[in-house]
Structures are given as structure tokens and as C-alpha cells.
Amino acid sequence: DAGITQSPRHKVTETGTPVTLRCHQTENHRYMYWYRQDPGHGLRLIHYSYGVKDTDKGEVSDGYSVSRSKTEDFLLTLESATSSQTSVYFCAIKAGLAGAGTGELFFGEGSRLTVL
Amino acid sequence: GESVGLHLPTLSVQEGDNSIINCAYSNSASDYFIWYKQESGKGPQFIIDIRSNMDKRQGQRVTVLLNKTVKHLSLQIAATQPGDSAVYFCAENPANAGNNRKLIWGLGTSLAVNP
Numbered sequence: 001d002a003g004i005t006q007s008p009r010h011k012v013t014e015t016g017t018p019v020t021l022r023c024h025q026t027e028n029h030r031y032m033y034w035y036r037q038d039p040g041h042g043l044r045l046i047h048y049s050y051g052v053k054d055t056d057k058g059e060v061s062d063g064y065s066v067s068r069s070k071t072e073d074f075l076l077t078l079e080s081a082t083s084s085q086t087s088v089y090f091c092a093i094k095a096g097l098a099g100a101g102t103g104e105l106f107f108g109e110g111s112r113l114t115v116l
Numbered sequence: 117g118e119s120v121g122l123h124l125p126t127l128s129v130q131e132g133d134n135s136i137i138n139c140a141y142s143n144s145a146s147d148y149f150i151w152y153k154q155e156s157g158k159g160p161q162f163i164i165d166i167r168s169n170m171d172k173r174q175g176q177r178v179t180v181l182l183n184k185t186v187k188h189l190s191l192q193i194a195a196t197q198p199g200d201s202a203v204y205f206c207a208e209n210p211a212n213a214g215n216n217r218k219l220i221w222g223l224g225t226s227l228a229v230n231p
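For the record, the sequence lines run as chains A and B.
Residue numbers for the first sequence, in our numbering: 1 to 116.
Residue numbers for the second sequence, in our numbering: 117 to 231.
For reference, chain A alone in the conformation it holds in the complex (with noise of 0.2 Å):
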């Protein structure tokens, strides 16, 4: 499981609310991913890191920030939940020394979210 522990792995918070999903890993990785996952849509990128204080956007990054303060902590965090944020979402590490892009991603359990 390449040594990632998401948490929660199941939260239900209310609108409004900030929420804080954790992706920590045990190997010394350097590029981390958030995706959430819906269905009808996939996997869909949110952020990812390329290093300690290096992050990014993806493709649906609106209404979520990240942090990465330490190379084995990547955090989401959602400012104010709204139920369009109810969602699977998963943290992915990246193996193999190439671009952001390729290689093999080891996924995390998932956090699954319910906002009301």
C-alpha cells in the first residue's frame, strides 16, 4: 500500500463548515495528489505537490487549498463545505523518478465525505 494512511476515511460535516482531509505517507515521496471521485466523472485532479511548499492546481481546484508543509503530510482543506463537495476523495503518491505525469500512483483507502 506504499504507506499511505488517509483520515478520516469517513466524515459528515454540515454546509458551511471547514473540513480537513489528511494523506500522509511513510516513504519519502515526493509527488503527492488529491483526486475525488464521483460517479459519472471519474477520477478528477484537485491539487498535487511536487515538494514541501511546491503545489499546484488541477482540474477542479475551486473551493479547496492544500498544504504541504513536510515531504509525509499533504493536507486538503475545504474553507466552507458545500454538499457539491460531497465526494470519494483520494491521495495518491507517485513512484519512479520521471514527470509529475507518469509512472505508477499508489492510492490511499479514500476519504469519503458527506456535507448536508
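In case anyone wonders, no lab produced these hints; they're calculated from the structure.
All clues stand as given, with none of them false.
BS3-like, lysine-lysine: derived pairs with alpha carbons at most 25 Å apart:
1. K11/A <-> K158/B
2. K218/B <-> K57/A
3. K218/B <-> K70/A
Quantities reported herein were computed from a predicted structural model and do not represent experimental measurements.
Starting from the known structure of chain A, arrange chain B on it as the hints suggest.
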């Protein structure tokens, strides 16, 4: 193929038969392709990848075929087993997307293996 609706295309096969899952990709400049398997309640898991300078690549019980002329990718699973039941995703890496490339994911195909 890939579906834009809420219901995934489903392939149903008998245990022991071979399975072929298809994927049409969108970008003729894509130079790298990956297949992932996702079991219920779990994250996607890497199966096999192929670069655009290859037409075929084999792994353990799996083969990926790439037809660049028609932008088609397929995953063949030999002697399909109940443990192969999952959703299978193809992903492509556009070569013209710059250094920080991002994979483009298909919507998935559900494989159901009947005992």
C-alpha cells in the same frame, strides 16, 4: 468503451474465460497510458502501463494493446478469476501538457466475473 453517464459500462464474463476491456483515449499526442483496477471500497491499483512507442505489453495474466491509429487501448485478462471483479480505468498522459503533466482518466468499465 467509456461512458459519460452515471452507469458504468459493464462486462460480464464466465470464470476462466478471457476478458477484454476497451478504452478510447482522447489526445493523439498522449505518450503514456496506464490501466488501474479498483475494487469496491478501495483505492485504484496499478495494473500495467505502456508507452506510445510500443503496441503491446504483457504482464502477469494481463496484456495491454495500443492502437495509435484509432486511439484505442485495450486490456486483456487471461483466465479471468472472481478476484478480477472490479472497475477498470484507463488513463492517458498528454505529451503536450508540459513538465507537470496530469493524467486524464477514463470513466471506467465494471467487470463482473460469474462463477
